[in-house]
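Since chain L is already given, all that's left is putting chains S and U on it; use the hints.
Heads up: the protein sequence lines correspond to chains L, S and U, in order.
Take our numbering: the final residue in the first sequence is number 177, and no numbers are missing along the way.
Take our numbering: the final residue in the second sequence is number 531, and no numbers are missing along the way.
Take our numbering: the final residue in the third sequence is number 830, and no numbers are missing along the way.
These are calculated hints, taken from the structure and not from any lab test.
Only a predicted model underlies this, so the values are computations on that prediction, with no experimental measurement involved.
No false leads were mixed into what you were given.
Under the rule of at most 27 Å between Cα atoms (straight-line distance), these lysine-lysine pairs were calculated in the DSSO-like manner: (1) S:K404 - S:K369; (2) S:K337 - S:K379; (3) L:K154 - S:K181; (4) S:K472 - S:K451; (5) S:K379 - U:K728; (6) S:K337 - S:K363; (7) S:K181 - S:K363; (8) L:K138 - L:K125; (9) S:K181 - L:K160; (10) U:K538 - U:K728; (11) S:K223 - S:K369; (12) L:K154 - S:K219; (13) L:K154 - S:K223; (14) L:K154 - L:K138; (15) L:K166 - S:K181; (16) U:K728 - U:K718; (17) S:K223 - L:K160; (18) L:K138 - L:K81; (19) S:K181 - S:K223; (20) L:K160 - S:K219; (21) L:K166 - L:K125; (22) S:K219 - S:K363; (23) L:K125 - L:K172.
Quick look at which bits of chain U chain S covers, simulated, 3 or more residues with Cβ under 8 Å: (24) 571-580; (25) 597-608; (26) 632-646.
With beta-carbon atoms standing in for the labels, derived distance ranges: (27) L:D121 - U:C799: 41 to 49 Å; (28) L:I164 - S:E407: 54 to 62 Å; (29) U:D572 - S:V465: 53 to 61 Å.
Backbone N, C-alpha and C fix where the C-beta goes; we use that ideal spot for every residue, glycine too.
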Amino acid sequence: MEEMRIVFAGFGGQGLLFAGKVVAYAGLIEDREVSWLPSYGPEMRGGTANCSVTLSDEPIGSPLIMDPNNLIAMNQPSLIKFENDVTPGGRIFVDTSLVNRLPERTDVEVFALEATNMAEDAELKGLANIVLVGKLLKETSFCSYETIEAAIRKAVPPRKAALIEKNLQALKLGYDA
Amino acid sequence: MSEKVLMKGNEAIAESAIRAGCRFFFGYPITPQTELAAYMAKRMPKEGGTYLQAESEVAAINMVYGAAAAGARVMTSSSSPGVSLKSEGVSYIAGADLPCLIINIERGGPGLGSIQPSQSDYWQATRALGHGDFQMVVYAPSTVQEMANLAYGAFDIADKYRTPVMILGDGMLGQMMEPVALPEPKTDLPEKPWATTGHQGKRAKNIANSLYLDANELEQSNIERFKRYEVIKATEQMSEEVNCDDAEIIVVAFGASSRIARSAVRAAREEGIKAGLFRPITLWPFPVDALEATKSHAKAYLSVEMNMGQMVDDVRLVVRDSAPVEFYGRTGGVIPTPVEVLEKIRQINEGLGE
Amino acid sequence: MAQTEEKIVFQRPHSLARFVTNYCPGCTHGIVNRLVAEVIDELDIEGKTIGISPVGCSVMMYNFFNCDMIEAAHGRAPAVATGVKRVNPDNVVFAYQGDGDLASIGMAETVHAATRGEKITIIFINNAIYGMTGGQMAPTSLPNQVTQTSPYGRDVSTAGYPVRVCELLSSLDGVAYLERVTVDSPKNIRKAKKAIKKAFQNQIDGIGYSLVEVVSTCPTNWGMTPTQAFDWMRENMLPYYPLGVYKDVVAEGYANAAEAAAARAAECPIAMADNPMLAELPNKRKVQDAMNKAQGGAQ
Numbered sequence: 001m002e003e004m005r006i007v008f009a010g011f012g013g014q015g016l017l018f019a020g021k022v023v024a025y026a027g028l029i030e031d032r033e034v035s036w037l038p039s040y041g042p043e044m045r046g047g048t049a050n051c052s053v054t055l056s057d058e059p060i061g062s063p064l065i066m067d068p069n070n071l072i073a074m075n076q077p078s079l080i081k082f083e084n085d086v087t088p089g090g091r092i093f094v095d096t097s098l099v100n101r102l103p104e105r106t107d108v109e110v111f112a113l114e115a116t117n118m119a120e121d122a123e124l125k126g127l128a129n130i131v132l133v134g135k136l137l138k139e140t141s142f143c144s145y146e147t148i149e150a151a152i153r154k155a156v157p158p159r160k161a162a163l164i165e166k167n168l169q170a171l172k173l174g175y176d177a
Numbered sequence: 178m179s180e181k182v183l184m185k186g187n188e189a190i191a192e193s194a195i196r197a198g199c200r201f202f203f204g205y206p207i208t209p210q211t212e213l214a215a216y217m218a219k220r221m222p223k224e225g226g227t228y229l230q231a232e233s234e235v236a237a238i239n240m241v242y243g244a245a246a247a248g249a250r251v252m253t254s255s256s257s258p259g260v261s262l263k264s265e266g267v268s269y270i271a272g273a274d275l276p277c278l279i280i281n282i283e284r285g286g287p288g289l290g291s292i293q294p295s296q297s298d299y300w301q302a303t304r305a306l307g308h309g310d311f312q313m314v315v316y317a318p319s320t321v322q323e324m325a326n327l328a329y330g331a332f333d334i335a336d337k338y339r340t341p342v343m344i345l346g347d348g349m350l351g352q353m354m355e356p357v358a359l360p361e362p363k364t365d366l367p368e369k370p371w372a373t374t375g376h377q378g379k380r381a382k383n384i385a386n387s388l389y390l391d392a393n394e395l396e397q398s399n400i401e402r403f404k405r406y407e408v409i410k411a412t413e414q415m416s417e418e419v420n421c422d423d424a425e426i427i428v429v430a431f432g433a434s435s436r437i438a439r440s441a442v443r444a445a446r447e448e449g450i451k452a453g454l455f456r457p458i459t460l461w462p463f464p465v466d467a468l469e470a471t472k473s474h475a476k477a478y479l480s481v482e483m484n485m486g487q488m489v490d491d492v493r494l495v496v497r498d499s500a501p502v503e504f505y506g507r508t509g510g511v512i513p514t515p516v517e518v519l520e521k522i523r524q525i526n527e528g529l530g531e
Numbered sequence: 532m533a534q535t536e537e538k539i540v541f542q543r544p545h546s547l548a549r550f551v552t553n554y555c556p557g558c559t560h561g562i563v564n565r566l567v568a569e570v571i572d573e574l575d576i577e578g579k580t581i582g583i584s585p586v587g588c589s590v591m592m593y594n595f596f597n598c599d600m601i602e603a604a605h606g607r608a609p610a611v612a613t614g615v616k617r618v619n620p621d622n623v624v625f626a627y628q629g630d631g632d633l634a635s636i637g638m639a640e641t642v643h644a645a646t647r648g649e650k651i652t653i654i655f656i657n658n659a660i661y662g663m664t665g666g667q668m669a670p671t672s673l674p675n676q677v678t679q680t681s682p683y684g685r686d687v688s689t690a691g692y693p694v695r696v697c698e699l700l701s702s703l704d705g706v707a708y709l710e711r712v713t714v715d716s717p718k719n720i721r722k723a724k725k726a727i728k729k730a731f732q733n734q735i736d737g738i739g740y741s742l743v744e745v746v747s748t749c750p751t752n753w754g755m756t757p758t759q760a761f762d763w764m765r766e767n768m769l770p771y772y773p774l775g776v777y778k779d780v781v782a783e784g785y786a787n788a789a790e791a792a793a794a795r796a797a798e799c800p801i802a803m804a805d806n807p808m809l810a811e812l813p814n815k816r817k818v819q820d821a822m823n824k825a826q827g828g829a830q
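Chain L with its partners taken away, still in its complex shape:
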């Protein structure tokens, strides 16, 4: 299967690390090699956040992705920062609720989705991250739908179990978009 090298990038608080974790769990469930690496720095509310997630059939070398074949950008600075790293033929998923300039590159596929607005309209505030995971799945089929559902169940901590259903709705919202 295609090696997935995904960078999730945006503001802290948008759930990018969690979205990455869901994808990583999906890899774990399907018994692939998996790595998840967050950016870390001095703790600051509202700062930028990103994580690298690799799903592969080979042992993973560096978990730090320098050449993603998939980018999920949830704000303008992240798009600017990572756009040119995406390998030709790769995909860029943009939350156009928050990003007003789309990538100009023609050698990548661009998927524009008003994920934040979609989530808010569906009363799923704060779940734009999972809407985008749904879209990523739809366009790449990196795992089965059952797997990603199971991954959500695993990634949501037990004390927040009430949120599983909303995450599943957000997933479907993005998948069907």
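Relative to the frame of chain L, chains S and U by itself:
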């Protein structure tokens, strides 16, 4: 082994240590090892153990000294600048022949440095983490699973040889998540008749001490300890080899940089270059024997590190003049890329053709 | 004439080892070591006691006692004691420290072990000088006191002021008992022993951190005879370091340090919220009184 879960390296070390019977953790917050301490703070009370946030790294390692003297499986964790502060206590622990586990999730240095991943404490860990004649076993895991496995086994090694043991990781390994199968909890912990638990009127008194005012006595004590080190060197070396059997160029790398080197070696093989990866898992004792064996066919060595060139000293001590030993590294928290390492391998390969 | 009856009136305490000490003639360490040993014997705790020796003149103390002993790094005895006590809470753990060890290089460990309320016993020898290294200025050296490293007398404008340890620690909630004593006379030796015994008994009873400061002498480095040294100590040290009890939560009517701390924090909602200690406190009345008073004051 249980079902695989996704865990950060820092958390996997912590959980594995608990499963190895460690019930005492003394530490002080520092990035990028914080998750380890936070995990302990959450779990220890539920295991009837102790998590104590000390007033400083200095105090933390001396609490470890006390708890180790009292016979407990005990550990501390920190990152580079904090480990420097611990060096006093580590020297006393080694001098008093006490077992414990010390984790260093390295960041860039010197000084306050950066908080990004680094391997620039190799010399400190393998040569002199503190004053005096001593060494300690140093493990360098390269995956989250290996962090769990080594943390689990480290307490046995520490108890067996009555020595401090270090796991040398870095910010990348500590922060990253990978699937990990955790080991089963240990129940058969060794007896420690030497521990200062109170003699209860049933034995002679025990003393934990590193002071010898008589020079000859101290010399004897050090000689005895170094005899144990010889046993460790003979029996505890660990390394992994990837495509080394017919390799002409052997890339030597440990921990996080070995992951990058692995990708570069794979790419080099795809280009037809006979490259292999030699990965030390024990940094002390350095896997001299296995590296020595590669000298029969290797034409060049390349040490890849996240520092200015530290382990390369040990590689040169083994290889001597049998082949050239080159170095490639990035430092300060910069992570080398497989492409950079591949380029270096190509250069060496071209040199071999001349 | 009736048979003579043999009666032992004086002997070496069992917990004091048959070992020649390194203490100078006239030094008070010998007296205080013995008092600690007598207390260990009287409380019958030798078998469960762990002593921590410091760096300083009593560095070899691990040889002088018959209980299990640990030699700590300079200033770290309270941290080492913490480690031991946390592993085996039923042990009785004491640290024996001088002024340089406790109040200079080990001040952080001292203050934090105290504020954590570690159930340990600290015996603190304050003789206002570094003895083992040959007479340098200590954190407790008096203003204008001449030492090797204050040859013109301690100049407080550059070297600062001495630390009064009992006074300093008395503000900390983890502390159960602080007393400053001296051993310059049989009467004071008896008082000192009583204080040391109380500091050990407090630990056994789980009352909290206890420290006894012994104002002492250093005839060798002060350059005096032992008698002159006691005279100098009485004249100069005791006015600066007055003897007496600086904290005793039991005498104040509390069961232990935790209860005294709770009473003091009565006006702080978060400190009192679901305080699990409260449930365990045998004597809640005083805390309740303080809380009622606090609530009354707020109305």
